[in-house]
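Novice: Single-letter residue listing:
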Amino acid sequence: MSTQTDGPAAERRLGEDLLVVDGLQKHFPIRRGLLQRQVGAVQAVDGLTFSVRRGETLSLVGESGCGKTTTGRLLTRLIEPTGGRIQLDGRDISHLSTSDMRPLRRDVQMIFQDPYSSLNPRHTVGTIVGAPFRLQKVQTENGVKKAVQDLLELVGLNPEHYNRYPHEFSGGQRQRIGIARTLALRPKLIVADEPVSALDVSIQAQVVNLLEDLQNEFDLTYVMIAHDLSVVRHVSDRVAVMYLGKIMEIADRTSLYERPMHPYTVALLSAVPIPDTSRRERRERIRLQGDVPSPINPPSGCRFHTRCWKAQEVCKTTEPALVELAPGHQAACHFPENAA
Amino acid sequence: MSQNPEDALAAAAEPRPAATGSPFLQVRELRVHFPTDDGVVKSVDDLSFSVDRGRTLGIVGESGSGKSVTSLSIMGLHKAGTARITGEILLDGQNLVGMNPDRVRKLRGKRMAMIFQDPLSAMHPFYTVGTQIVEAYRIHNPVSKKVARKHAIDLLDRVGIPNPTSRVDDYPHQFSGGMRQRAMIAMALSCDPELLIADEPTTALDVTVQAQILDLIRDLQQEFNSAVVIITHDLGVVAELADDIMVMYAGRAVEYSSAADIFNTPQHPYTWGLLSSMPRLDRERTERLQPIKGTPPSLINVPEGCPFNPRCAYAGTNGNLSFTVRPEFRDVGGGHHIACHLGAEDRMRIWDTEIRPKL
Ligand SMILES: Nc1ncnc2c1ncn2[C@@H]1O[C@H](COP(=O)(O)OP(=O)(O)OP(=O)(O)O)[C@@H](O)[C@H]1O
Ligand SMILES: Nc1ncnc2c1ncn2[C@@H]1O[C@H](COP(=O)(O)OP(=O)(O)O)[C@@H](O)[C@H]1O
Ligand code: SF4
Ligand code: SF4
Ligand SMILES: [Mg+2]
Ligand SMILES: [Mg+2]
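First to last, the sequence lines map onto chains R and A. The numbering used here numbers the first residue of the first sequence as 1 and each following residue consecutively. The numbering used here numbers the first residue of the second sequence as 1 and each following residue consecutively.
Heads up, none of these hints are tricks.
Chain R is faced by these chain A residues, among others (derived, beta-carbon under 7 Å): (1) A260; (2) M278; (3) L281; (4) L289; (5) P291.
Just so you know, these hints were derived from the structure itself, not from any lab. Built from N, CA and C at the ideal position, the CB exists for glycine as well.
Please construct the entire structure, taking both the sequences and the accompanying hints into account.
Specialist: Okay, structure coming up:
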């Protein structure tokens, strides 16, 4: 396996758009009473537009409940959108039926947030990692067992552990098992939902490096879902910042971290604790008040106005559009920071 | 302290008398072992540290390194008969190890309190937030419900709950994660404890809310002059709050020093490994993270010699020493303690030439 230190996109060859998302929406109905009448909707994802190029890593960041996992489940079509479009490799997959989706399952895979609950405890590692071959009825050259053992080796696990059960592995090893399962069918796009959040820092670094190596080796495209902004900077080519189901800002990594334009992004970055005691006093802090409002009744105008320190009257009445304010850098704000 | 609870908050705001000689919390050669079917789990094995009033100690380590077992031992919260605890835990000079559980219960809440990672586990789902704070307060303070309720509202206000007068009657599930954490802090503070232990108080929270809670703990600590122990796996969090830091590995302390020294001149290979593993926003982006190889050991079969030796790149530096002899936890100058066989020159050279340039 390549252990080169190929940086992200700049050096990797990036292709054309693999994934194109336009106005993507998911509203979950809220039903009450005997007749289960719909009384409202959780606007979990409310109009996302972005694209991801082949070989690229796009990260989705934002506070709990902003719609990251829901977006991931939409992209992998584990759930169906209530609006908008998802195109994969030029094909509209927004409303494909389960059976029409089956051949595409090979191309799109998801790594789940929780390495403890995402593996069936009653199945051996061999069964878990080999399942995609069986489900997709894929022929393997030297049999499924050999294919699985190759995968285990690829993700840094001992192929001899084929017959062990998930509980015999540590969190980091379980996440590797999940990654091996994901890779079985050589997908084009991997949606990774918080793949390292549950891991200790030393193990987290191992898994981050593994994901990087696999990307270089197999030309994988990643949509990473994460909330740790330091990890996100390390792994991403581009970053989309979400708030209450919408994209507030999307830009290439350097531009986003060095010149954040949306006040929410600025606030998120200033809240990250820095492991350097000499920074304690020097740092400029922006402290957001309160919590994220409910996605059932999101605030009018700019959804961030209830917590934004720059909010004016217009922010309460008029929703700012997501527009390009610098090359490759879009933000949705009436009064952006760092705007030229 | 004032006996009039109406004034409790105001009185508490006056700084406490300075420490009289010995530290407020002193842990000496603490061992906490759990006999299980697979063998004895040595969760904490010969741990010593102390915290003064007005100081904050950060305890850092990966999951399973014994952080929570340590804090539960101090609070006397291990289930009776499950843990074998030896050594001393001196709270203002009184040894809690072996103390009658009823006496420990009286100290808990009154003189020491704890904030947990998961507020729901510390709060009862069937009682309102206010009722729970009122009960916690009235255990130790003989006041009317009305007075205690006023106290609860004041505390909720103090920890930043909006509209405390109406939210006091909410149930825990009606609060967001951040608000529950605040409510639990309010409950922990209800009797104005002299020792506050916060075990991963922000691990489940978003960064923006985490920042609010860390600010709150910092402010309260300054206001009440308590001794604070903050436990976390996040070096960023301790860098924000702690005066001193202890790094734990496999149930033992491997490094202890002022917070500034841990970040500027760390001396233990495990601490180096932690720092090298983390991506950092305050530095140029590195091309590649430098993980620690392998995984932490089982605490039933802790490796011979130095417990870190299977993962340490420098284990062979002093012949066989790291594999055969347990390194003593010792002062290597100015109160900076480490448990490692490497000599001073080796440590200096490795840090300067191999570790620091790659951070
Ligand atoms: N099946 C569902 N029915 C109703 N509401 C839902 C459903 N799934 C998610 N939601 C709601 O949609 C919103 C977005 O949820 P989502 O899981 O996408 O958040 P997230 O950004 O992944 O958060 P976290 O960081 O906590 O994982 C939340 O308010 C959530 O409660
Ligand atoms: N009641 C118990 N019985 C047996 N082992 C335990 C018990 N409580 C904790 N342990 C073990 O002690 C070790 C340290 O646990 P803990 O203090 O919770 O770690 P952390 O540093 O993550 O807080 C772990 O190996 C854990 O499995
Ligand atoms: S539009 Fe207004 S409220 Fe929204 S982020 Fe910009 S300044 Fe703040
Ligand atoms: S004693 Fe040896 S194995 Fe342990 S940390 Fe020091 S050099 Fe590494
Ligand atoms: Mg999620
Ligand atoms: Mg713990």
